[in-house]
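Visitor: So the chains spell out like this:
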Amino acid sequence: MTITTGYIISALLLFGIGMNGLMTCSHQLRKILAVNLMASGVFLILIVTGFGTDGSAIDHVPHAMVLTGIVISVSTTALALTLACRIQQRLNRSADETAEGNDDD
Amino acid sequence: MNGGLTGMKKRKQSMKGKFKRKDWQFATLTSLLIATLVTFLCWAILKEPPGEDLTAEALAPLFVQSGVTSPVTAILLNFRGYDTLLEVMVLFLAGLGIWSQATVDPTNPLVFSSPATHPTKPNFHGPGPELILATLVRILIPLMVLVAGYLTWAGGFQAGGAFQGGALLGGAGILLILAEPQRISTIPPALIRFGIVLGPAIFLLVGVSCFGYGGNFLQYPQPGAGSWLLLIEFGAAISIGITLTTLFVGGRPDPKRLKGTDQP
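Protein sequences appear in the order of chains A and B.
Following the working numbering from start to finish, the first sequence increments by one per residue and tops out at 105.
Following the working numbering from start to finish, the second sequence increments by one per residue and tops out at 264.
The reader is advised that the hints may include incorrect statements.
[What the hints assert, rightly or not] For the chain B half of the interface with chain A, some residues (derived, Cβ under 7 angstroms), not all of them:
id : residue
1  : Pro71
2  : Val72
3  : Gln101
[As the list claims (entries may be wrong)] Stretch by stretch, here's where chain A covers chain B in the computed footprint (C-beta under 8 angstroms, at least three residues):
id : segment
4  : 39 to 45
5  : 81 to 94
6  : 241 to 251
In case anyone wonders, no lab produced these hints; they're calculated from the structure.
All C-beta atoms in this analysis are idealised placements derived from N, C-alpha and C, irrespective of residue type, glycine included.
Please model the complete structure; the sequences and the hints are all you need to start from.
Guide: Okay, here's the thing in structure tokens:
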């Protein structure tokens, strides 16, 4: 049981919590947050695998991959948030329309 | 027909009562399955012995050839340049996706232009930013741009690089939008588009021009690879900064409203 083991287990727990949220939460914002949590778990695992146990040299390839992954994660989050905003706009608009229709009746 | 409809309605209502229990069952089932998956993944990762990877000693002669001394930058832009090109493209595509979805009022960039959903618009128009905020922004923005340039350049020999510099530029852009939205609206949209395309275009052009030096795509000519990498990094940093700012705004500036604001 080294420090690395602890890091990997907590990273996987983070991934699991995110996946659970993605499947059980119905709100879009929560789903987006859950996906981000999953991504953070994966990044942590990658960083730990590059860490190098027992004083061996640091492997830079996973670190570079994490840097790439963060940018991808930001892009997808931004796109998902805009989509969620649009969906909410549409829902609000249709709700307003039905409310107006009910007022006419 | 009518009877069938009411029957369906009744069934739906009775289903609604059951949904509570089904939700609970579903949540338990998913959390159990995910717990199993996490345990399995734990076992799979921890079982894997620390492999005989390409260590830093084996890679050291390659790093000398790469043109930069920072290992992460060498991997990102030289050894795995293809990945980074695709990454820049993904960011570009996300920006494109957001621009194609919504328009925003350029004088008020934080509000979607559809008035129906925002009956009470937050008023950013006021008499201009307050004195402290304006002074802070005036001092901070040039400093942030300077540090972003340094970070991008420093990527060649230490921690830093295009993404760190670009993130800082994006932060400066977001600060500027929050503090002085009207100033942002004076930037011509063509310039923003040019800035967004600049990084991916330079990356692609450098990659293709490597053919002219007898290499493959993104196989930089050996002496002076460092200057090619620096060129790519600065283009990418500018584009990343501008794209991140546009991602924050959440839509393209509405050209109709822009014309309207130009007239007075």
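Visitor: Count the residues of the segment 241 to 251 of chain B with a beta-carbon closer than 8 angstroms to any beta-carbon of chain A: does the count reach three?
Guide: It holds, with 5 qualifying residues against the three required.
Visitor: Against chain A, with CB atoms and a cut of 7 angstroms, does the hint on B:Pro71 hold up?
Guide: holds, 4 angstroms
Visitor: Minimum Cβ distance from B:Val72 to chain A below 7 angstroms?
Guide: holds, 5 angstroms
Visitor: Closer than 8 angstroms, Cβ to Cβ, for at least three residues: run that test on the segment 39 to 45 of chain B against chain A and report holds or violated.
Guide: holds (count 3)
Visitor: Is the interface hint for B:Gln101 satisfied, with its Cβ closer than 7 angstroms to some Cβ of chain A?
Guide: With a closest approach of 6 angstroms, the B:Gln101 hint holds.
Visitor: Mind checking, does the segment 81 to 94 of chain B have 3 or more residues with a CB under 8 angstroms from chain A?
Guide: holds (count 7)
Every hint, counting from the list given before, is met by this structure.
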